[in-house]
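**Student:** Could you put together the complete structure from these sequences and hints?
Be aware that the sequence shown starts at 9, since it is given in the numbering used here, and climbs by one per residue.
Check the hints yourself; a few may be wrong.
[To be verified] Straight-line alpha carbon distances no greater than 16 Å define the calculated EDC-like cross-link-like pairs of lysine to aspartate or glutamate that follow: (1) Lys113 to Asp90; (2) Lys21 to Asp69; (3) Lys24 to Asp48; (4) Lys20 to Asp69; (5) Lys17 to Asp69; (6) Lys99 to Asp69; (7) Lys123 to Asp90; (8) Lys20 to Asp48; (9) Lys120 to Glu104.
[What the hints assert, rightly or not] Ranges of calculated distance between the beta carbons of each label pair, as one might list FRET restraints: (10) Pro62 to Val88: 37 to 45 Å; (11) Val27 to Gly78: 26 to 34 Å; (12) His15 to Thr132: 33 to 41 Å; (13) Asn130 to Arg53: 26 to 34 Å; (14) Arg54 to Met96: 44 to 52 Å; (15) Val27 to Leu95: 27 to 35 Å.
It is worth saying that the hints were derived from the structure and are not from the lab. Because the structure is a prediction, the values reported are computed rather than measured. Every residue, glycine too, gets a C-beta built ideally from N, C-alpha and C.
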Amino acid sequence: MSGSNLHPKIIKKRTKRFVRHQSDRYKCIAPSWRKPKGIDNRVRRRFKGQIAMPRIGYGSDKRTRHMRPGGYYTFLIRNVSDVDVLLMHNKTYIGEIASTVSSRKRILIAEKAMKLGVRLTNGTARVRPQE
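**Tutor:** As structure tokens, then:
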């Protein structure tokens with residue numbers, strides 16, 4: 009690993025999840041967000057004191073959007089040749105092996121990434137040690 013990756017501080021404008029209107033009142037209404045559609049709905053009409061609705065203003069900073077806590081962006085690796093793409097961008101991107109890749113190919117990808125100095129988030133996943 010080379011020096012630390014300097015990046016702007018990752019600030020989330022909102023960390024609480026948006027909950028569905030009246031999900032606290034009824035057990036049959038799950039808390040996962042649904043947009044209120046009723047003509048008289050006070051949440052949709054944004055009355056004071058009601059639950060917040062997701063809006064564009066809650067979005068993250070453009071510089072740190074999709075950034076991992078370590079300061080890297082994720083690049084999905086689907087085959088061995090995808091590791092070469094990260095060779096020139098290993099200070100900015102970190103590789104993540106796709107879930108559809110077999111364990112045999114995972115071993116090849118992890119070996120090639122180690123040779124090229126590319127970091128992987130799940131390099132040891134589904135890889136059994138040789139017996």
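**Student:** None of the hints should be skipped; say for each whether it holds.
**Tutor:** A quick look at each hint next to the structure:
no. : hint                        : in the structure
1   : Lys113 to Asp90             : holds (12 Å)
2   : Lys21 to Asp69              : holds (9 Å)
3   : Lys24 to Asp48              : violated (26 Å)
4   : Lys20 to Asp69              : holds (8 Å)
5   : Lys17 to Asp69              : holds (10 Å)
6   : Lys99 to Asp69              : violated (20 Å)
7   : Lys123 to Asp90             : holds (14 Å)
8   : Lys20 to Asp48              : violated (32 Å)
9   : Lys120 to Glu104            : holds (13 Å)
10  : Pro62 to Val88: 37 to 45 Å  : holds (40 Å)
11  : Val27 to Gly78: 26 to 34 Å  : holds (30 Å)
12  : His15 to Thr132: 33 to 41 Å : violated (25 Å)
13  : Asn130 to Arg53: 26 to 34 Å : violated (45 Å)
14  : Arg54 to Met96: 44 to 52 Å  : holds (47 Å)
15  : Val27 to Leu95: 27 to 35 Å  : violated (44 Å)
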